[in-house]
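> Sequence:
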Amino acid sequence: MKVHFKRLISSLLVFIMVLGLLACSPKEEPATVQEEPATKQETTYTATHKGFGGDVTVNVTIVDGVITNISAKGDNETPEIGGKALVELPQRIVSANSTNVDIIAGATFTSKAIIIAVEDTLIQAGVLSDIPSVVMKPGTYTGEGWGFDWIEPIRVNVTVSDKELLKIEVIDKDINREEPLILKAAEDKLIPRIIEHQSISVDGITGATGSSNGIKAATEDALKKALLAAGTDESAIKNFYKTTAKKTDTTETINVDVLVVGMGGAGCAAATSAAEAQKAAGVPVSVLAIDKAGKYGGTAANCGEPFGINAPRYKEAFNNGEDYTEVESLYDDWINNFAKGDAKEDLVRLFLEESGKTIDWLYFDHGFLLNNPLPGFGENTWRVKYQYVYHSNREEGRDYGKEDIPFRSEAVGSYFDNIVKDFTEMGGKYMLETNAYELIYDDTADKVVGVKASGYDGTEYIIYAKAVILATGGFAGNPEMEEKYLSNEHYPLKAPWKIWGMSQNTGDMIQSAIDNGAGTYNIDMVPIIHFKTTTQFLREYPVHYRDGVDERTGKQNTWSLNDVPMILGLNSSAMQVGREGKRCYNEAGIFEFWKSGPDWFTIYGEDNIADLAKNGFAGEKGTYMSSTRVYGQGGYPKGIPIPEIYEVLDKAIEKGYVYKADTLEELAEKIGVPAQNLVSEVEKYNRFCETGVDEDFGKPAKNLISLGEKGPYYAINACSVAYATCGGLDVDTNLNVLKEDGISVMNGVYAAGNDSSGVLYSNRDAYAQYGGVALGWAFTSGRLAGQNAVKYILENN
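My numbering puts the first residue of the sequence shown at 132, with every later residue one more than the last.
If you're looking for bench data, these hints aren't it; they were derived computationally from the structure. Warning: the hint list may mix true and false statements.
To be verified - Pairs of lysine-lysine residues, derived as DSS-like cross-links and limited to a Cα-Cα distance of at most 25 angstroms, are as follows:
| id | residue 1 | residue 2 |
| --- | --- | --- |
| 1 | K815 | K791 |
| 2 | K377 | K204 |
| 3 | K625 | K204 |
| 4 | K583 | K870 |
| 5 | K745 | K625 |
| 6 | K578 | K870 |
| 7 | K791 | K841 |
| 8 | K686 | K560 |
| 9 | K552 | K410 |
| 10 | K315 | K560 |
| 11 | K713 | K745 |
| 12 | K782 | K769 |
| 13 | K356 | K373 |
| 14 | K922 | K304 |
| 15 | K268 | K204 |
| 16 | K922 | K410 |
| 17 | K268 | K356 |
| 18 | K377 | K298 |
Since we're looking at a predicted model, the values are computed, not measured.
Could you put the whole structure together from the sequences, leaning on the hints where they help?
In structure tokens, the structure reads:
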């Protein structure tokens, strides 16, 4: 794909014509004074444009009209995709002395930002002429652009006059697979700003970055059609790249009793509980909740089931008053087998005792529909997972009080609408797109007294509060904090992890609490890992529709050749090695893959690939190999040959996430692992396949597939995907944040949800497999923190 602009040709033609005219002029006698040699003029220009995650800034050095150097920086671009564009695309532009170059595959938004910013510097330098004025043919035009979904683009209808953008409407919502709540946030907030500022360079909506970028790209596509329809040069689109100024001199002060930072599961629970407690105490409700995203719900709105123990009212209504599970055996297993003595026993006990009451509170008081509890993962038999009710998981014969229950995302969104409505009807207030970044600590009083925050428009807020509840979702969106706090003591964890949760969860307030003396608990442990994928993915092949619908989205099922490398990378029957070139776990185990660290390599020999080309994936025809929710495009049919597999793998090699070599030693060099380790590990694994016994990790014989004895060999780079981090601040049973000594209370501040859930776990193992623990802790700790904050205020003010 190429992005075009007015090349340097016109300037060069003028220069050549001038030279030609000079050559035809009458010759004069040479001057007697010898001329000094001309000096080259070297100047560096700077410009900024919006990329995928934020600003992308370029510094462009130009010498006599020639681009000699470009540096590009975008701190919020994805490292493995946008980061690649920041390095490679400037080199292409310099080599071509032109922005008419191939963009970096998979990094469209970052690439376009670099190109547009470079073109701005060329205009500054006078190398490019000013852009033409906008003249469009009035009417409505359809455009499309890729958002967060990778199967269908976002499509919009854009209505224009001859000079202005008048209306943007997202269409074909029944086809695209954007998360409905996230897309709605972008529609409701982004589109009015694009129209108001006549600019597709306005900031995307935090928490809806992918959908925002899709709407902007689709709008740009439609505007270009409108320009071309009027005979206007396409470069006039740059008139719609205007940067919008933010406020720099506006500060507002807010005073409130309880401030809740974050409006995910923990934050919504905390805010509502605090409002209820004030109302019950007969005092005016003075609770403010803020969130940096453009929507509430956070990670909790993308989860499936909260943990709860024998909810009292619920079991009376739906289980004849009988318990669903035995509590003491679960407690014993949690403390001694799962947490191995590392969890805070009083917090685990509190969670088990209060979680059932939270289920009742959500279901009966705040409109969360929840099914009867199910057991967790693996061998767990305790029935503790109360699933959110949605269209495809309704219990047969049960009356939910309503007939029309939508698919998962919209159903869960309606539950959060319910609790936020209850909160505001009690007098609570909330502010979205408001980013808290620093605690205000009163050293004299030795307590937290508020936070500093900023709004999307640049407004600064000083929010004073008698109690602050931190419910910001952890720090999985902050690679620097992951590298700083995650540990390599037990497993190779200290590195950025790909995220499938909310990337706005950057841990700013956790860090601010630490800076003010707060202690942490298991902050070094592995994040919550449920999913895996490949580090990149293909879009080169078409996506085909097939029978059936996805139970989560209600969209029609699909399949594609694009998924073949992903299926291979995640194959539990293949051999997988970590960064040391050694196996780290039973590849067929449940949630074992995190033990290699953030990523791993799945290894294949030529015999494996040749078998797939001839026979395809094993299994019954008419069934499908699954890929993954993360970048997957529906899987691939079983039982049919894949003659294209070599071509597919070559394309993945070009993308940089599949590697090929004639020998294992060469393959080891390419993927950066010790050759001796990889060679010996393959030999050992092949031996296990022959004997049917995995002596290292106990992988079942049915999952032991030999690599064969010949090359070429392939390595597919796959990775774990995090919902959120687990560990965070240390808290006591009141959810008060504790100081570094683990005993003293940091007055005035509480932590709920993933900001404090490390107290339940061990840093020697992964997130709990009982089912719904993080979500259950979010709601339960939030509910309790809200109550306790109000109690603290009433007793101390």
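> Run every hint past the structure and note whether it holds.
Outcome of the hint check:
1. K815 <-> K791: 21 angstroms, holds
2. K377 <-> K204: 21 angstroms, holds
3. K625 <-> K204: 24 angstroms, holds
4. K583 <-> K870: 21 angstroms, holds
5. K745 <-> K625: With Cα atoms ~41 angstroms apart, K745 and K625 exceed 25 angstroms; violated.
6. K578 <-> K870: Since the Cα atoms of K578 and K870 sit roughly 11 angstroms apart, the hinted pair holds (cutoff 25 angstroms).
7. K791 <-> K841: 13 angstroms, holds
8. K686 <-> K560: Violated. K686 to K560 sits at ~36 angstroms, over the 25 angstroms cutoff.
9. K552 <-> K410: 15 angstroms, holds
10. K315 <-> K560: Satisfied, since the Cα-Cα distance of roughly 21 angstroms is no more than 25 angstroms.
11. K713 <-> K745: It is violated: about 30 angstroms lies between the C-alpha atoms, which goes past 25 angstroms.
12. K782 <-> K769: 22 angstroms, holds
13. K356 <-> K373: Satisfied, since the Cα-Cα distance of roughly 19 angstroms is no more than 25 angstroms.
14. K922 <-> K304: Not satisfied, since the Cα-Cα distance of roughly 46 angstroms exceeds 25 angstroms.
15. K268 <-> K204: 37 angstroms, violated
16. K922 <-> K410: 12 angstroms, holds
17. K268 <-> K356: 9 angstroms, holds
18. K377 <-> K298: 24 angstroms, holds
The structure shown violates the earlier hints numbered 5, 8, 11, 14, 15.
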